[in-house]
Amino acid sequence: MESAPPTAEAITIDLLDSATGQSQQSWRFSGVSRIQLGRSRDNDVVVSNPYVSRAHAYLELQAGRWTAIALSSQLLVTSGRKVQMVDLIPGTIFQLGPHGSSLKFAVESPDEPANRGFDYTGTLAFDGPDQPELKLDLDQLAQEVTAITEGDFFQALSANVNRLRQNRRPEP
Amino acid sequence: MAKVISIHSFRGGTGKSNLTANLAAQLTRRNFRVGVIDTDIQSPGIHVIFALKPASITLALNDYLWGRCRVEEAAYDVTAAAVGRIEEGQERPRLFLIPSSVSTGEIARILREGYDIGRLNDGMQELIRALNLDFLLIDTHPGVNEETLLSIAVSDILLLVMRPDHQDFQGTAVTAQLARQLDVRDMHIVLNKVPVEMDRDALRSQVEDGYRAPVVAMLPLSTTMAQLASSGLFSLRYPDHPLTQSLYPIVDLLVK
Chain A
1 MESAPPTAEA ITIDLLDSAT GQSQQSWRFS GVSRIQLGRS RDNDVVVSNP
51 YVSRAHAYLE LQAGRWTAIA LSSQLLVTSG RKVQMVDLIP GTIFQLGPHG
101 SSLKFAVESP DEPANRGFDY TGTLAFDGPD QPELKLDLDQ LAQEVTAITE
151 GDFFQALSAN VNRLRQNRRP EP
Chain B
1 MAKVISIHSF RGGTGKSNLT ANLAAQLTRR NFRVGVIDTD IQSPGIHVIF
51 ALKPASITLA LNDYLWGRCR VEEAAYDVTA AAVGRIEEGQ ERPRLFLIPS
101 SVSTGEIARI LREGYDIGRL NDGMQELIRA LNLDFLLIDT HPGVNEETLL
151 SIAVSDILLL VMRPDHQDFQ GTAVTAQLAR QLDVRDMHIV LNKVPVEMDR
201 DALRSQVEDG YRAPVVAMLP LSTTMAQLAS SGLFSLRYPD HPLTQSLYPI
251 VDLLVK
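Protein sequence lines correspond, in order, to chains A and B.
Those letters in the first sequence? Residues 1 to 172, by my numbering.
Those letters in the second sequence? Residues 1 to 256, by my numbering.
Don't take every hint at face value.
Residues from chain B that face chain A, not an exhaustive set, calculated with beta carbons under 7 Å [to be verified]:
(1) Pro142
(2) Asn145
(3) Glu146
(4) Ala153
(5) Ala173
(6) Leu182
(7) Pro214
(8) Val216
(9) Pro220
(10) Thr223
(11) Leu228
(12) Tyr238
In short, the hints are calculated from the structure, not lab data.
Glycine included, each C-beta is placed from N, C-alpha and C at the ideal position.
When you get a sec, could you build the whole thing from the sequences and use the hints?
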């Protein structure tokens with residue numbers, strides 16, 4: 001027996017402040033396998049944000065793992081990508097649509113670390129803190145820059161740039 | 001001597017106009033004479049943030065470019081939007097906006113016929129003189145065209161606004177290289193709409209290494225800002241918000 005039945009663990013969902021990342025509001029659930037999130041009042045987690053759909057998404061417990069599934073066409077955003085589904089592990093942050101609120105998923109465990117019962121290595125959705133891949137395509141960059149700098153306008157501008165700047169100084 | 005500051009982004013939707021308007025308001029609050037010129041002739045919008053009603057725009061930048069008026073006649077005193085009412089004869093602070101026309105006919109004419117780009121440059125210099133400006137902020141059209149290249153070339157300080165995503169990163173690199181070839185020395189990156197869960201230090205070094213230019217600010221993605229939806233000056237309405245606090249290093253840089 002590698003872990004207690006997952007339903008024994010309570011989970012928490014934190015609404016994060018968009019600017020600071022601090023928790024603004026927290027919900028705790030135990031003994032449930034489906035939690036609905038959205039803007040209308042009949043959801044389990046009610047988020048009053050105009051960019052969140054009335055019924056935006058639900059969390060579902062299946063085979064011991066929680067998954068967030070979008071109901072809204074605005075989808076969910078995690079790790080900078082719009083997705084239909086997010087596999088949740090403790091600490092996963094996901095956003096209700098590109099302009100919606102950010103939520104953090106956590107598992108509560110009284111005597112063990114929060115990651116109990118979860119196997120990090122097998123969780124494909126988790127790829128570290130949300131970081132987009134910022135890489136420059138240098139060939140494309142050189143091509144685009146050259147296409148502009150070889151143009152007549154850029155050549156004329158470049159030749160006259162010092163005169164243009166001097167013109168800006170107020171007349172004595 | 002006046003400083004010319006260009007605020008540019010490679011793609012739309014980066015928050016460039018909101019940033020420009022809030023920087024202008026904050027400079028005004030530091031007791032300067034500030035002008036903001038909307039050279040985004042194809043899709044003007046910054047007048048909305050200053051609550052300047054389209055009906056009250058009798059003359060716009062377009063009228064100057066067609067030779068229908070002097071450029072300072074298209075300048076509107078919007079000081080009250082930044083600091084509230086001040087006395088009529090008071091020299092400082094002052095905030096002027098030179099809007100582009102929101103008339104579809106005027107926009108179509110610019111797109112159809114073009115205009116003399118040299119006249120835009122003359123106009124900016126004339127504004128500084130006629131209005132005795134300490135700062136002229138240029139809200140540019142996204143992408144690279146003749147007026148953005150001119151704005152970049154004549155600026156003392158260039159602010160490149162981008163979101164932390166791949167398309168913005170690649171596109172902004174083009175502008176940064178062009179600016180360097182035009183010998184713009186004071187170039188800074190403003191990262192906007194940075195999600196809270198992002199590793200800020202890693203992001204900063206990626207951008208600074210990629211562009212060889214400093215990141216002056218990383219502004220958090222804010223739903224409060226999104227809800228305001230350009231209907232006012234965020235930094236005045238929420239002076240203690242982390243987003244507003246993140247603007248101050250930029251204002252310090254411009255004043256330095």
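Here is what the structure says about each hint:
1. Below 7 Å, beta-carbon pairs count as interface contacts, and proline 142 of chain B has none with chain A, the closest being about 15 Å; its hint is therefore violated.
2. A hinted interface residue such as asparagine 145 of chain B counts as satisfied when its beta carbon comes closer than 7 Å to some beta carbon of chain A; here the least separation is about 9 Å, so the hint is violated.
3. Of the supplied interface hints, the one on glutamate 146 of chain B holds, with its beta-carbon coming within about 5 Å of a beta-carbon of chain A, less than 7 Å.
4. The beta carbon of alanine 153 of chain B comes within 5 Å of a beta carbon in chain A, closer than 7 Å, and the hint placing it at the interface holds.
5. The restraint placing alanine 173 of chain B at the interface with chain A holds, with a minimum CB-CB distance near 5 Å, inside the 7 Å limit.
6. At about 6 Å, the closest approach between the beta carbon of leucine 182 of chain B and any beta carbon in chain A falls short of 7 Å, and the interface hint on this residue holds.
7. Proximity of proline 214 of chain B to chain A is violated relative to the hint, the smallest CB-CB distance being about 16 Å (cut-off 7 Å).
8. Given hint, valine 216 of chain B at the interface with chain A, is violated; its Cβ is 18 Å from that chain's nearest Cβ, farther than 7 Å.
9. Interface hint at proline 220 of chain B: satisfied, since its Cβ lies 4 Å from the closest Cβ of chain A, which is below the 7 Å cut-off.
10. Among the interface hints, the one on threonine 223 of chain B holds; its C-beta lies about 4 Å from the nearest C-beta in chain A, closer than the 7 Å criterion.
11. At about 12 Å, the closest approach between the beta carbon of leucine 228 of chain B and any beta carbon in chain A exceeds 7 Å, and the interface hint on this residue is violated.
12. Given hint, tyrosine 238 of chain B at the interface with chain A, is violated; its Cβ is 9 Å from that chain's nearest Cβ, farther than 7 Å.
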